[in-house]
Amino acid sequence: MSFNLRGAWAIYQRELMRAFRTAFQSLLAPVITTSLYFIVFGSAIGGRMPAIDGVEYGAFIIPGLLMLTLLGETTNNSSFGIYMPRFTGTIYELLSAPVGVSETLIGFVGAAATKSLILAGIILGTATFFVDFEIKYPLLAAGYIMLVAASFSLFGFILGIWADSFEKLGIIPLLILTPLTFLGGTFYSLDMLPEPWDAIALANPIAFLVSGLRWTFYGVSDVSIGLSLGLTLGFLAVCTITIAYIFKTGWRLRE
Amino acid sequence: MRRLAIGGQPAKWRKVSEPILSIRGLSKVYSGGVKALDDVDLEIRKGEIFALLGPNGAGKTTLIGAVCGLVRPTAGTIEAFGHDLAQDWRAARARIGLVPQELATDMFETVYRAVSYSRGLFGHAPDKGRIEEVLRSLTLWDKRDSQIRELSGGMKRRVLIAKALAHEPDLLFLDEPTAGVDVELRKDMWEQISALRARGTTIILTTHYIEEAEEMADRVGIIRKGRILMVDEKSAMMERLGRTEALIALAEPIPELPSSIAAFPVELRKEGMEICYRGGDGSGKGREEVAALTKALVQAGIDYRGIDVHDSSLEDIFVNLVSEREAAE
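Residue numbers (the working numbering), protein chains in the order written: chain A, 26 to 280; chain B, 15 to 343.
Just so you know, these hints were derived from the structure itself, not from any lab. The model shown is predicted, which means the values in this text are computed figures rather than measured ones. Even for Gly, the Cβ is constructed at its ideal location relative to N, Cα and C. Treat the hints loosely; a few may be bogus.
Now the in silico label distances, taken between C-beta atoms and shown as ranges [said to hold, decoys possible]: (1) A/Arg111 x B/Glu146: 30 to 40 Å; (2) A/Ala262 x B/Lys201: 28 to 38 Å; (3) A/Gln38 x B/Ala193: 47 to 57 Å; (4) A/Phe28 x B/Ala118: 22 to 32 Å; (5) B/Gly61 x A/Arg111: 31 to 41 Å; (6) A/Thr58 x B/Lys201: 49 to 59 Å; (7) A/Val263 x B/Tyr44: 40 to 50 Å; (8) B/Tyr44 x A/Gln38: 30 to 40 Å; (9) B/Arg213 x A/Ile147: 47 to 57 Å.
Distance condition first, Cα-Cα at most 30 Å in a straight line; then the derived DSBU-like pairs of lysine-lysine [said to hold, decoys possible]: (10) A/Lys273 x B/Lys201; (11) B/Lys284 x B/Lys309; (12) A/Lys273 x B/Lys239; (13) B/Lys170 x B/Lys60; (14) B/Lys142 x B/Lys60; (15) B/Lys157 x B/Lys201.
Only chain B is shown next, with the shape it has when bound in the complex:
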């Protein structure tokens, strides 16, 4: 069994390549006494999409803010691209882009000027070709002369992404990138994010939509109350923590489980009318066991009316993990 990476990476990641972002012992206590980050260690590898999941108030935005210069850490170190953010912040920030959670932009500015401004702010020479490329990639080119206040919510969020991409960052933070956008636009955004990754941009995103992380992320980190509970590859996490649940509705009630299925992780419910299986992992083992279970039932002369099989999603894993921690405290 793989060892869980609590509060950091599995050793595998460190062996693959040097991280482009390295956070060590990061803590943040706000002036009111709220501890938003508590001794966070995290490493981000070049070219990956990393999803940071956590309930409201978990510390996701504070973590992003600390890296991007919006929040002053109470303790700890942050290195980006080999630069210590406390010392060599200009060099580090020049390569980092941020798309904030809020739709914060000068609403009276035109799209083109707003994006050009962002490029200049990060120290890059004007480049009409680059601005056009960014705006076209986000289907904003036709809106380039429109004031931002005239755009829809989804378009405004694209403008924020365009502004963050104007200086060609190597590391991009997306704080709830699809919050408040409709399903169609959300999937469109996912495509945009995948395209960015294809161009070599490393992406760290926070999201409430766990399907978003499931869809896009290479690795997932779960944060709660300012502490990183787990960091791992998404597939490994699902394989390790994933479960299969099968509900078998019986044709007739049975007083007890037959001995032939006692070896399966099952329980008898609903006054003997339902058998519930919970087992397996994210690799498909659970479904194989359910198939074996049904054969065993037939051999034992137990008839059933239907089977409902459900593999746990990343959301289930997330909810279970957070719930377990809450129950343990």
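So that you can see chain A by itself, here it is in the shape it has in the complex:
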């Protein structure tokens, strides 16, 4: 047995089933939250805001809101997916099975990424009820969303292995990812910031992700798409190498 495809499929299926079992938390709650953003920032305030780079404000914030939800949910889904078996002890089954890092990642990370893609589709569908928009490069947008979902699923997986308490599990998404996403140009263009904040904002890696996704939507961005794509691929590589190292050493998995 060189690769346990059925094992990877079993993990993938089970993780997806877990999401559907908790559909309200996994799917509906983010949709409601995003709808509230659209109502407040898109419809109520957005109507009084000028267009940014030729894009109506309501439409301008869609990529940022999508990224906000995507990063949070992807990281949470993936980290929770691996943390819970560690917490409850059911990880024994995974560790004693003929599955390695590749099957585990395809199962856990693939399921988390799939859930995020489903969520992204639902959020975009929800957005059509509030604002008119068209995606300039739909295939690139889908590809970029998949890339970000995969990268942050891996990142969440690392968090789920690192965390040894529910508190730690929530610290990174709540105290780092969400603030960085808010400050990463979700609701504004970085050009709108006064000096030196426009330059400081570029130290925020999430700004590159938001900008990249916005470019696929409307062809406008704060930084070049190449830079955004390169940063995302680099992050994906770092996470993959980290997880490979974790499995090789058994850190926090095997005693």
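Given the coordinates of chain A, work out where chain B should sit on it, guided by the hints.
Just chain B now, kept in the frame of chain A:
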């Protein structure tokens, strides 16, 4: 007299057939410095039930964890079915099942899905017939659509066994399989384990209930402080280390033992009111000697009020062995 097999098997086992599990020089030192396994050698033969006995913290669960991939050994080699677990772990693990000590399972999953998941995880194609067979054999079929959290403790433990059997393992580890279950269910479990053995599954179990090992095991290993003290067939172990103890309550006190019974392993106790015999082995020799002793007493004119005869159990052997080692250290 047979030679004790300290830290391994009697030569007899190696001659019978090749082992399906071979552990050599296995050691595990945890990061805190605790030495859980210390140069363990062990071989398991196909089709047997092997009971691993030891006090708390002896290293039983660590040993199982090392074979099943939960614990990273510090030193040593493990071969299962001819595969080196460090190299060819996928092939080896695919044929090993584990029922853990803790009731660790997804409590919100249904019984059927949980067992199906385990089968897939170990690389097997879905097989409704096999899942039904496993669930029926463990009387779980009627509960197949129930969430595991709705089941009793005993039923949950059966679910863990069902999950471990879903991929039809050739070697099954049962870590304290009957811990926390009532007597009736425990005996039911014993029947299940015997049925598994009848189907050709090799079983290694750890237990605190020595009667469990006495009831089911073909061979017994005793582990203490990470070292295997002894491995042997249960019957041979009891025969070799078993003893008979007889307490003879005398009708009248005697000042000393008569010379006619001096050859017996006896002592006079309770101010001459009781004779204590300790001798024989697990073969019945002790009871024969007790009978001879009582005849000798009658011939010597010594009357007695009662006799209490007790053959040592596996538990006695275990306790004595562990106590002797502790006293020797």
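Each hint, compared with the structure:
1. A/Arg111 x B/Glu146: 30 to 40 Å: At 32 Å between Cβs, range holds.
2. A/Ala262 x B/Lys201: 28 to 38 Å: Between A/Ala262 and B/Lys201, where Cβ atoms are some 57 Å apart, the hint is violated.
3. A/Gln38 x B/Ala193: 47 to 57 Å: At 32 Å between Cβs, range violated.
4. A/Phe28 x B/Ala118: 22 to 32 Å: holds (27 Å)
5. B/Gly61 x A/Arg111: 31 to 41 Å: holds (35 Å)
6. A/Thr58 x B/Lys201: 49 to 59 Å: Given a distance of about 55 Å, which is inside 49 to 59 Å, the answer is holds.
7. A/Val263 x B/Tyr44: 40 to 50 Å: Roughly 30 Å apart at Cβ, these two residues miss the hinted range, so it is violated.
8. B/Tyr44 x A/Gln38: 30 to 40 Å: holds (35 Å)
9. B/Arg213 x A/Ile147: 47 to 57 Å: holds (49 Å)
10. A/Lys273 x B/Lys201: violated (42 Å)
11. B/Lys284 x B/Lys309: holds (22 Å)
12. A/Lys273 x B/Lys239: The hint holds at about 29 Å.
13. B/Lys170 x B/Lys60: holds (28 Å)
14. B/Lys142 x B/Lys60: This hinted pair holds, its Cα atoms lying about 28 Å apart.
15. B/Lys157 x B/Lys201: holds (21 Å)
The structure fails hints 2, 3, 7, 10 (numbered hints given earlier, in ascending order).
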